[in-house]
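2 protein chains.
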Amino acid sequence: MYAVILAGGSGTRFWPLSRELSPKQMLSVFGETSLICGTIERARMIIGTEAPSIDIVVGVTLLDEIRNHLLAQPQLADVALNYLVEPVPRNTAPALALAAATIEARDPDGIVMMLPSDQLVDSGKAWRGTMTVAIEAATTTDQLVTIGLVPTRPETGYGYIKAVVGAVGTACPVEAFVEKPDADTAQRYVAAGNYYWNSGMLVAKARVILAELEAAQGTGAEAAAGNERIVEVARQIAALPEAERLSSASYQLFETLPKVSFDNAALEHSTHVAVVPTTMDWSDVGSLLSLEDLAEPDVSGNRIIGDGIAVESQGTLIYSPERLVATLGVKDLLVVDTSDATLVAPRDRAQDVRLVVNALSKQDAPELREPKVSARPWGTWKIVEEGVGFKVKEIVVTPDSRLSLQSHERRSEHWVVVEGTALVTQGNTEIQVETGQSVYNPVGTKHRLENRGASDLHIIEIQVGDYLGEDDIIRYSDDFERT
Amino acid sequence: MYAVILAGGSGTRFWPLSRELSPKQMLSVFGETSLICGTIERARMIIGTEAPSIDIVVGVTLLDEIRNHLLAQPQLADVALNYLVEPVPRNTAPALALAAATIEARDPDGIVMMLPSDQLVDSGKAWRGTMTVAIEAATTTDQLVTIGLVPTRPETGYGYIKAVVGAVGTACPVEAFVEKPDADTAQRYVAAGNYYWNSGMLVAKARVILAELEAAQGTGAEAAAGNERIVEVARQIAALPEAERLSSASYQLFETLPKVSFDNAALEHSTHVAVVPTTMDWSDVGSLLSLEDLAEPDVSGNRIIGDGIAVESQGTLIYSPERLVATLGVKDLLVVDTSDATLVAPRDRAQDVRLVVNALSKQDAPELREPKVSARPWGTWKIVEEGVGFKVKEIVVTPDSRLSLQSHERRSEHWVVVEGTALVTQGNTEIQVETGQSVYNPVGTKHRLENRGASDLHIIEIQVGDYLGEDDIIRYSDDFERT
Chain B
111 MYAVILAGGS
121 GTRFWPLSRE
131 LSPKQMLSVF
141 GETSLICGTI
151 ERARMIIGTE
161 APSIDIVVGV
171 TLLDEIRNHL
181 LAQPQLADVA
191 LNYLVEPVPR
201 NTAPALALAA
211 ATIEARDPDG
221 IVMMLPSDQL
231 VDSGKAWRGT
241 MTVAIEAATT
251 TDQLVTIGLV
261 PTRPETGYGY
271 IKAVVGAVGT
281 ACPVEAFVEK
291 PDADTAQRYV
301 AAGNYYWNSG
311 MLVAKARVIL
321 AELEAAQGTG
331 AEAAAGNERI
341 VEVARQIAAL
351 PEAERLSSAS
361 YQLFETLPKV
371 SFDNAALEHS
381 THVAVVPTTM
391 DWSDVGSLLS
401 LEDLAEPDVS
411 GNRIIGDGIA
421 VESQGTLIYS
431 PERLVATLGV
441 KDLLVVDTSD
451 ATLVAPRDRA
461 QDVRLVVNAL
471 SKQDAPELRE
481 PKVSARPWGT
491 WKIVEEGVGF
501 KVKEIVVTPD
511 SRLSLQSHER
521 RSEHWVVVEG
531 TALVTQGNTE
541 IQVETGQSVY
551 NPVGTKHRLE
561 NRGASDLHII
571 EIQVGDYLGE
581 DDIIRYSDDF
591 ERT
Chain S
111 MYAVILAGGS
121 GTRFWPLSRE
131 LSPKQMLSVF
141 GETSLICGTI
151 ERARMIIGTE
161 APSIDIVVGV
171 TLLDEIRNHL
181 LAQPQLADVA
191 LNYLVEPVPR
201 NTAPALALAA
211 ATIEARDPDG
221 IVMMLPSDQL
231 VDSGKAWRGT
241 MTVAIEAATT
251 TDQLVTIGLV
261 PTRPETGYGY
271 IKAVVGAVGT
281 ACPVEAFVEK
291 PDADTAQRYV
301 AAGNYYWNSG
311 MLVAKARVIL
321 AELEAAQGTG
331 AEAAAGNERI
341 VEVARQIAAL
351 PEAERLSSAS
361 YQLFETLPKV
371 SFDNAALEHS
381 THVAVVPTTM
391 DWSDVGSLLS
401 LEDLAEPDVS
411 GNRIIGDGIA
421 VESQGTLIYS
431 PERLVATLGV
441 KDLLVVDTSD
451 ATLVAPRDRA
461 QDVRLVVNAL
471 SKQDAPELRE
481 PKVSARPWGT
491 WKIVEEGVGF
501 KVKEIVVTPD
511 SRLSLQSHER
521 RSEHWVVVEG
531 TALVTQGNTE
541 IQVETGQSVY
551 NPVGTKHRLE
561 NRGASDLHII
571 EIQVGDYLGE
581 DDIIRYSDDF
591 ERT
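Going line by line, the protein sequences match chains B and S. Per the numbering used here, the first sequence starts with residue 111, numbered consecutively. Per the numbering used here, the second sequence starts with residue 111, numbered consecutively.
Bound conformation, chain B alone (with noise of 0.2 Å):
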């Protein structure tokens, strides 16, 4: 039993909260932990936590992202994570075939549980019971097996799919996989009784994933050509050393394949469906509205998360975290600030948020790219300011763990330790800086920040030099094995 966790999507529908470097899937607005980590911790429910791995589909722009920020969880600590990198952005289906391949390669009558990693689901018993279900149905035939919710309401953002005759909690035949429906449709849809909203989840063997894809003759010459071509690929992706993977050669390979969902290019022609309906409690997180969920509304409907004011507002929804906001005489707006970025658009727009996404995107705005605060494996940082010739960063490292020994070659470090104390490494010297004071790193000189501490160290790093991209280190050593 093996768990694939698919976390190539870019959520461009959570700007300005999520980023082209920090995902919908990263967001930890929504709980505790991350939706991704979430969904960790969900799979490792289901396939043990004595499981050897859990593989990780993630795009090759991320993956230093995404692995930086499963590293700093404290609850995956003791899960092996392996990640299969997407050379390039090919959609779904070719991402499900590399993953189904490697599975595969792995163990030929390995069964793969495939979860969207950006989802919210709760990980009660409706959760266990289903995923129970699902897996007994991939085991015992060759079916590829779907999760369908019971629609609660005629959603219009959502696929369907429609069972022959559906009961919760038992796989039951597929008739037909339906696109997003207008608002009659879903209507009809939920009276019928037989229709499920479309989980994106999937549980069947490596082996039924690939031959199923293969074998999909619904799309015309062309598309079956094309599906033949994307298992062939993957399974020869699949077979090179893991060093190789990430090579040209592979890269090349995997480029020449047809951008195309499973769901298009298999789900939808596959004479071998179930689904097994279910009414655990699921959200695929699909706007910033979602963000409502997270506060009770005032008398006047307005929702206020952070410091936000509504002042003769009306069904207002202010999410900001760390500055105020205040609305005067607005009604039905939404209104979403980061540190760098507001968001000011009609709660009835929230879906359209990639317009502002593309109209930023021509002009290469700094903002779509980079959070403010990014995560690492021994903690966080977060740019305060930036100006010519510098920039000042919050550092906090979190008990028993330090960076890489690494050197600049443009810039200097200033670091003032505000809270607790850091052990910290210049060339062989160790020196014990307490709070209040202040070491300095000129540029080229190996040095290192540990936390040996019981609780958060917190520094301000003050750079200076000519440059001072994130790309300027030289790393000697480093716990989490980055280069």
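If you are wondering where the hints come from, they were derived from the structure by calculation, not from laboratory data. A few of these clues could be false.
Given that identical chains are not distinguished, each listed pair holds provided it fits within a single copy or across any two copies.
[Said to hold, decoys possible] No farther apart than 25 Å at their CA atoms in a straight line, the calculated lysine-lysine pairs in the PhoX-like style are these: (1) K290 - K369; (2) K441 - K472; (3) K501 - K482; (4) K441 - K369; (5) K482 - K369; (6) K492 - K482; (7) K235 - K482; (8) K369 - K472; (9) K290 - K272; (10) K235 - K492; (11) K492 - K556; (12) K501 - K556.
Position chain S relative to chain B; hints supplied.
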């Protein structure tokens, strides 16, 4: 000839740009200098740069901030500024009386030009011409000479001055002062041709101001007694030695005065009032909507000042000099962003910002009181990060300036030079600190920061301590005579 600048206004209509300690008259957004600085420069054109001093009427709570602000203006380096402090706010009648009594004590025949500090006025020919006519009239007659703007639209936000017969550029007898009209009335005023916007400027002999206030009987016996008392107390305080002006005796005297405007107390009832109608370029910068003048609209009527993007939006004003603000699908909205607070309101609610200020006041919100950037005579400082036990500031010291020689009882400070060269005094030692270097000021050490360079000096200051209030400062020596 004397100039008095009325700088008592709190300017809550400009929040979040203005703050209690940085009101509208200190804003520099409308030009190269602040409104008050521009007013002083305009006054000097009329009274001559060789005039001994200019008097600034200011409330006691704003004295330090206004003084620091004006000390920092290089173009005012050769003006002696004299501060007439209102011990407690009592509206404009007591404030003008205090100023007039002070000038009268200095020069019994003195003519005084009273100017609001928070207007935007073009200092060209029309300004000089208008004031020359007003001064001529105030010199040759014992009248209160007001300045009235020829209305360019049926504005309902201003009071009007009705001349018996109006003629631009001449001192005309006034028939009446009228309150802010409704839209129809305003239309009639504009059509009539002898109604003018009340600019709030006044030219008269100091003794005439006091005499007319004393004589005004229009509002009954109680008001008349109040007026007499205002003049009596103003003369009492003006007769005090400088050092006693802010004594508790002076406070107690002033506190007994009625809160009344000079318009209500005197101008509306006096029969010796003239108006000089003028077409000079004038704005009272009455609300945040005045920001619209700073940018041309795009094809959809959106105006963006700073870093904003308006997607599928119309008629929207974004003012955001420091951060990114994106609007999506909104219409006629006003978004004003500062480093610590953002306001969102429909354009036609711009006049109601005080409702937000009132609401924030109830919560004692820190964003109401202080701006993140504070002007000092030697430059500026800005808080870039704060946490338990520490504060990070970016300090800019202008060329040939230095802070006071000071020490702190409860905090230590690290200074990292990120641009320029600092001359740091520590005890009896002077240290030159170059870009990229740092220096440490332990608790209790006497220290001073100085810039002898030709360009700005930028410092990152990290304060560490159990108390970090601005009032933990002992000054031993100060170029600006602050204690």
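Evaluated hints:
Taking identical chains as interchangeable, the C-alpha atoms of K290 and K369 lie at most 25 Å apart only when both belong to the same chain, with a minimum of 20 Å there against 66 Å between chains. Within a single copy, K441 and K472 get their C-alpha atoms only as close as 30 Å, which misses the 25 Å cut-off; across copies the closest is 23 Å, which meets it. Taking the shortest alpha-carbon separations for K501 and K482, both the intra-copy value of 12 Å and the inter-copy value of 19 Å come in at or below 25 Å. Taking the closest pair of Cα atoms, K441 and K369 never come within 25 Å of each other, the shortest separation being 41 Å inside a single copy and 38 Å across copies.
Taking the shortest Cα distances, K482 and K369 never come within 25 Å of each other, neither inside one copy (32 Å) nor across copies (49 Å). In this homomeric assembly, K492 and K482 come within 25 Å of each other (Cα to Cα) both inside a single copy, at 5 Å, and across copies, at 19 Å. Proximity of K235 and K482 under a CA criterion of 25 Å is satisfied in neither setting, with 38 Å inside one chain copy and 50 Å between copies. Taking the shortest Cα distances, K369 and K472 sit within 25 Å of each other inside one copy (23 Å), while across copies they are farther apart (56 Å).
Taking the closest pair of Cα atoms, K290 and K272 come within 25 Å of each other only inside a single copy of the chain (12 Å); across copies the shortest separation is 67 Å, beyond that limit. In this homomeric assembly, K235 and K492 never come within 25 Å of each other (Cα to Cα): the closest approach is 39 Å inside a single copy and 53 Å across copies. In this assembly of identical chains, the alpha carbons of K492 and K556 lie at most 25 Å apart only when taken from the same copy (22 Å versus 33 Å across copies). Proximity of K501 and K556 under a CA criterion of 25 Å is satisfied intra-copy only: 20 Å inside one chain copy versus 28 Å between copies.
Comparing the model with each numbered hint stated earlier shows that hints 4, 5, 7 and 10 do not hold.
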